[in-house]
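Those protein sequence lines, which keep their order, are chains S and B. For the first sequence, our numbering gives the first residue as 247, with consecutive numbering after it. For the second sequence, our numbering gives the first residue as 2, with consecutive numbering after it.
Among the hints, erroneous ones may be present.
[Stated by the list, open to error] Chain B is faced by these chain S residues, among others (derived, beta-carbon under 10 Å):
1. A282
2. H285
3. V286
4. G304
5. K312
6. L313
7. I432
8. L457
9. L459
The hints are simulated quantities; they were obtained by calculation from the structure and are not laboratory data. No experiment lies behind these values; they were computed from the predicted model shown. Beta carbons: idealized from backbone N, C-alpha and C, even for Gly.
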Amino acid sequence: MKRWIISLFTFLSGFFYILEFVLPSHTHMGKALQEAKPHVGEAIMVIAAFAVGLGVIGVCRHHLRKLFLRQKGWHNSLALLLSMFGMALFKIWEKYDPPELATRLHDLLFLDLYNQLTITVFSLLAFYVASAAYRAFRVRSVDAGLMMITALVVMLGQIPLGDRLAEWLRLPWTLTEARLWIMSVINMAGQRVILLGAYVGSLAFGIRVLLGLNRDTILEKDG
Amino acid sequence: MTDAPIQVLLLFLVLSVSLLLFIYLARRGQRIELRRIAGLESMDEAVGRATELGRPVLFTTGLEPLNSVTTLAAIAALTRVCRVCAKYNTRLIVTLAEADVYTLVKDACQQICAEEGKPELYREEDIYFLSTMQFSYASGTAGIMQREQVGAAFFFGAFAAESLILSEAGNQIGAIQVAATTSSYQIPFFVASCDYTLIGEELFASSAYLTRDPSQLGSLLGQDLAKIAILILVVAGSTLATLWSVLGPEATWVEALLSGLLGGVLL
Numbered sequence: 247m248k249r250w251i252i253s254l255f256t257f258l259s260g261f262f263y264i265l266e267f268v269l270p271s272h273t274h275m276g277k278a279l280q281e282a283k284p285h286v287g288e289a290i291m292v293i294a295a296f297a298v299g300l301g302v303i304g305v306c307r308h309h310l311r312k313l314f315l316r317q318k319g320w321h322n323s324l325a326l327l328l329s330m331f332g333m334a335l336f337k338i339w340e341k342y343d344p345p346e347l348a349t350r351l352h353d354l355l356f357l358d359l360y361n362q363l364t365i366t367v368f369s370l371l372a373f374y375v376a377s378a379a380y381r382a383f384r385v386r387s388v389d390a391g392l393m394m395i396t397a398l399v400v401m402l403g404q405i406p407l408g409d410r411l412a413e414w415l416r417l418p419w420t421l422t423e424a425r426l427w428i429m430s431v432i433n434m435a436g437q438r439v440i441l442l443g444a445y446v447g448s449l450a451f452g453i454r455v456l457l458g459l460n461r462d463t464i465l466e467k468d469g
Numbered sequence: 002m003t004d005a006p007i008q009v010l011l012l013f014l015v016l017s018v019s020l021l022l023f024i025y026l027a028r029r030g031q032r033i034e035l036r037r038i039a040g041l042e043s044m045d046e047a048v049g050r051a052t053e054l055g056r057p058v059l060f061t062t063g064l065e066p067l068n069s070v071t072t073l074a075a076i077a078a079l080t081r082v083c084r085v086c087a088k089y090n091t092r093l094i095v096t097l098a099e100a101d102v103y104t105l106v107k108d109a110c111q112q113i114c115a116e117e118g119k120p121e122l123y124r125e126e127d128i129y130f131l132s133t134m135q136f137s138y139a140s141g142t143a144g145i146m147q148r149e150q151v152g153a154a155f156f157f158g159a160f161a162a163e164s165l166i167l168s169e170a171g172n173q174i175g176a177i178q179v180a181a182t183t184s185s186y187q188i189p190f191f192v193a194s195c196d197y198t199l200i201g202e203e204l205f206a207s208s209a210y211l212t213r214d215p216s217q218l219g220s221l222l223g224q225d226l227a228k229i230a231i232l233i234l235v236v237a238g239s240t241l242a243t244l245w246s247v248l249g250p251e252a253t254w255v256e257a258l259l260s261g262l263l264g265g266v267l268l
């Protein structure tokens, strides 16, 4: 019964959007579907909000348990709960009664703390790119060698030194031109093939989900 | 809002009919051979290696919420990994960036452990909803990988700049890593850092490949046929566009054909 209900709702909600997309708006049905679209969207948002609520409850339960049982890393859980509720509290306080203190506390948490931590994590990428590139560009095969030469051309084509080098080597084209050709022809062709496959794959997967054909998922066994 | 051009509707119908036809044929018993996908073959091996090392397995479903097909495909792969972990009595840690995915994944993992006769293996505290914010999620996942010293890591779903943070964190602790994404800009990072990478549509084929369910295998064949149809259209469009640029505006028949093919969208 549970599976049947889930499959029916999945099919109906998916089919609604397909019909709304393909039916011309001047037809009676197309017009009705377009009018209903915002309301269906709102209903979906309400359901999604419940899911977010469940997620927040799950997070609180997980970290409160850790905190009260003094499990390993309980201080991290305390920091998370304080930050989560603190951020929400200061933002709500600021919105309804904007005193300077609430804004300052919110800015302290969001701009001075959260944003800086995000930037720090993002900056780690520079080091990770270097270590990943080192592994990727080790010339162990013809393929790896070709990739390394291509990467070298693309990287040198990004800086003025590359063009100076091409001039000095008397190459018939600048490295900027070579880079643009690699990126807009070879690379773009590869990207489009991947995207085309992914779009068709996602359509096929979507149809399988709509028809309830995807086995080995939560829907497999009837509840 | 502008209506979808008739060409889009026709293409959608052709794709849908070919998919449904092959699903029907596969269900009737038509044998379908799949090429070997190393990344999917390695999933059991990765869990097995983590088990031998006595380390947990980590699975993450990327940044997108439940309404994304990519996330649904990742969850389908997660159910398989969860089943294998339950079979081997291996601890599975799941990190998530969306609350709606968290709710579904929690139920799915609990149900699979129960189905495998090992309900005690399900630990609610091992399913983490970290944050919807990209880098909070990334640093949370990387931290868990380091602290728990995971033996195998699976990155399935849609990823952005955090892909390299996750995969390099796994690389540093020597975890065997399998990634699958449709995010074309992240594929090179995963290729450089992971042991196996599923590219684009291979992610969507994963549940069919792993379960060998006739309906899903049939849809794979249908989608290949659809791709051939699209490639024919691409070749036809490119030829007509080339002809048009060579022959000039006088060649009105080329323009008419090209316009018909594109539905007047680009001309």
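In rising order, the numbers of the hints this structure does not comply with: As far as the earlier hints go, 1, 2, 3, 6 and 7 are violated by this structure, in ascending order.
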